[in-house]
Structure formats: C-alpha cells, structure tokens
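Please build the complex by placing chain B on the supplied structure of chain A, with the hints as guidance.
Residue numbers (this note's numbering), protein chains in the order written: chain A, 1 to 102; chain B, 1 to 209.
Think of the hints as simulated: they come from the structure by calculation, not from any bench.
Please note that a few of the clues may not be correct.
[What the hints assert, rightly or not] Computed spacing ranges between beta-carbons, pair by pair:
(1) A:Arg95 with B:Leu141: 14 to 22 Å
(2) B:Ile50 with A:Gly56: 22 to 30 Å
(3) A:Ala96 with B:Val193: 27 to 35 Å
Ideal Cβ positions, reconstructed from N, Cα and C, are used throughout, including at glycine.
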Amino acid sequence: MIPTLSHFLAIAALLFALGLFTVLTRRNAVAVLMGVELMLNGANVNLVAFNKFMVGGLTGQAFTLFVVVLAAAEAAVGLAIVLSIFHTFKTIDVRAADLMRE
Amino acid sequence: MRIPKKLIAWIVGSAAVIGAVGLLSARLSPALAAGGLRPVAGPFTLADGIFYALAALTVGGAAAVALSRNILYSALGLLASLLGVAGLYAFLSADFVAVAQVFIYIGGILVLILFAIMLTNRIGEVNISNASMGWASAGLLSAVMLAMILVVAFETPWPVRPTGSAPTTAPLGHALLQQWLLPFELASLILLVTLIGAIIIARKEIRAD
Numbered sequence: 001m002i003p004t005l006s007h008f009l010a011i012a013a014l015l016f017a018l019g020l021f022t023v024l025t026r027r028n029a030v031a032v033l034m035g036v037e038l039m040l041n042g043a044n045v046n047l048v049a050f051n052k053f054m055v056g057g058l059t060g061q062a063f064t065l066f067v068v069v070l071a072a073a074e075a076a077v078g079l080a081i082v083l084s085i086f087h088t089f090k091t092i093d094v095r096a097a098d099l100m101r102e
Numbered sequence: 001m002r003i004p005k006k007l008i009a010w011i012v013g014s015a016a017v018i019g020a021v022g023l024l025s026a027r028l029s030p031a032l033a034a035g036g037l038r039p040v041a042g043p044f045t046l047a048d049g050i051f052y053a054l055a056a057l058t059v060g061g062a063a064a065v066a067l068s069r070n071i072l073y074s075a076l077g078l079l080a081s082l083l084g085v086a087g088l089y090a091f092l093s094a095d096f097v098a099v100a101q102v103f104i105y106i107g108g109i110l111v112l113i114l115f116a117i118m119l120t121n122r123i124g125e126v127n128i129s130n131a132s133m134g135w136a137s138a139g140l141l142s143a144v145m146l147a148m149i150l151v152v153a154f155e156t157p158w159p160v161r162p163t164g165s166a167p168t169t170a171p172l173g174h175a176l177l178q179q180w181l182l183p184f185e186l187a188s189l190i191l192l193v194t195l196i197g198a199i200i201i202a203r204k205e206i207r208a209d
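Chain A on its own, in the form it takes in the complex (with noise of 0.2 Å):
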C-alpha cells in the first residue's frame, strides 16, 4: 500500500471542495481568502503528484513555485483591499462592500 497517485489526488480533491465550502458559507473577507489559499494548495498538490508520478522532470514543480508566488501576490492585494474596505465600512463583510466610493 505504497501512496499512488490516487491517494494524492484525493487529498487534492478534499483540499479544493473544503476550500470551496470556506468561500461559499464565510462573510469575512479574510475567511474567504484563506478558503481561496487552500483551494490553491489542492491545485499545487496536483501538480507536484502529476509531475512526480507521470511526467517526471521539473516542470510541475516550477508551475508550483510561479502558483506560489502568484499566491503571495493576491494574498498581499488582497489583505490590503481588506484593510481598506474596513477603514472605509467598519466592517469586512462581504456583502456590506457593494459600493465603489465613499
């Protein structure tokens, strides 16, 4: 019972639906980001086990490193749009944010 590929995608899989239950039932943006991080990590999971048990070579894993880094990026933007909607609403529920200006 050496972990195949199977067992990899299902972990990927159970990441990617929790991750999508997290932004579908949260209100605070910050949950909603990091329901969004772990739908990210189900996909680099994926990656790395395709290119481990299939591919072979590098490639997955230098797609991993740029979705890394691409992750750090939204999260950054991300954080920081949140921290403005709370300095302009007093809040960050996702729903109270449905205006463009003050």
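Leaving out everything else, chain B in the frame of chain A:
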C-alpha cells in the same frame, strides 16, 4: 451553546478524515488489482504511516478552516493544513517546493492573514464568520464538486510510470534561469507591482485641507 457547536465541527472534521481514508482504501484495492501494478495487500510500512499522518494533518486542518466558528482557529487550521501540504511535497521528493511552501505560505501569507485578522476584528467580536450562502446549499455544492473530482481521479487510467527521486534544488535553479527565464522575470515584476499596489491601496490618505 458554543461548546456543542465546536464539538459538532470537530466531529464532522474527524469524520471527513476517517471517511477519506476509508474511501481511499476501499476504492484503491480494486483499482490497483485491475491495473496489476502491485500486490493489493502489502505490509503497512513506516512510509504509509507518515503519509497517512500527513494526509490527516492536511485534511483535518482544511476541515478546521472550513468548519470552525472562530476565525483564529481557522487560521490555526490553515497553519496545520499548509504544514501537511509541505510534508506531502517532501513525500513526493519535491524538496525545494516543500521548503518554499514553508517559507512563503507559513512565513509570509499566514502571518499576513493573522495580521489582517488582528487588525480588522474588534476584541470580543468572535462570532463574525456566519453563513452567507447557507451551509446546506454550500455543502451540497462542495460535495457534488468533490464527487465529480474523485470520480475523474479514480476512473481515469492514468499512464503512471516510475520516475526517479533526485535532489531538485540545483536543477530547479538551472531550469528557472534557463528554460523559464521569462516567466521568472515576469514573476519578479508581478511581485514589484504587487508591493507598490498593496502600499498604495492600504495606506491612509491624509488630505492637506
């Protein structure tokens, strides 16, 4: 009323982990037997134990993110999940990606998220993560999505072939500076733009008048 809710969340989380492991072992045995890759019932080695511990850490942390009522507990669950994913990378012999996961996700993104939580929540306002879509419909949608991905993952005959496991740090460095030089430079440009943009968005505007 808060303790039973927490208990329910943890019970659901652990049930998700147990169900995942059970589903895996139930589904994998016929699949492996049909593929004829290796004997179905092998000895349970130390590597298997480490793998399942990492999987439980990953999925349990993700369940804590999804189900916890307190956003700080969600952040701690995210920490556990990211650590588990880093361990899975190391298990897949992607050592540099594992270390980058720990540095960037846990050292960077998670700290940023914790800062955002501390800066945007008032003390005492704990129960802020309430449902926007309804737990039933969101859970149904997520379950359908999960079932679809799992069916695809288990029913497709993936052309698995053995690949070696060598240290990846030096080849990855060479690949990033030769084969993927343009995406590498674009990523650095994106990081610079992100830095400036985040500063501009998050600063306080003080008007002179």
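Each hint tested on the structure:
1. A:Arg95 with B:Leu141: 14 to 22 Å: holds (19 Å)
2. B:Ile50 with A:Gly56: 22 to 30 Å: Holds - the Cβ-Cβ distance for Ile50 of chain B and Gly56 of chain A, about 23 Å, lies within 22 to 30 Å.
3. A:Ala96 with B:Val193: 27 to 35 Å: holds (28 Å)
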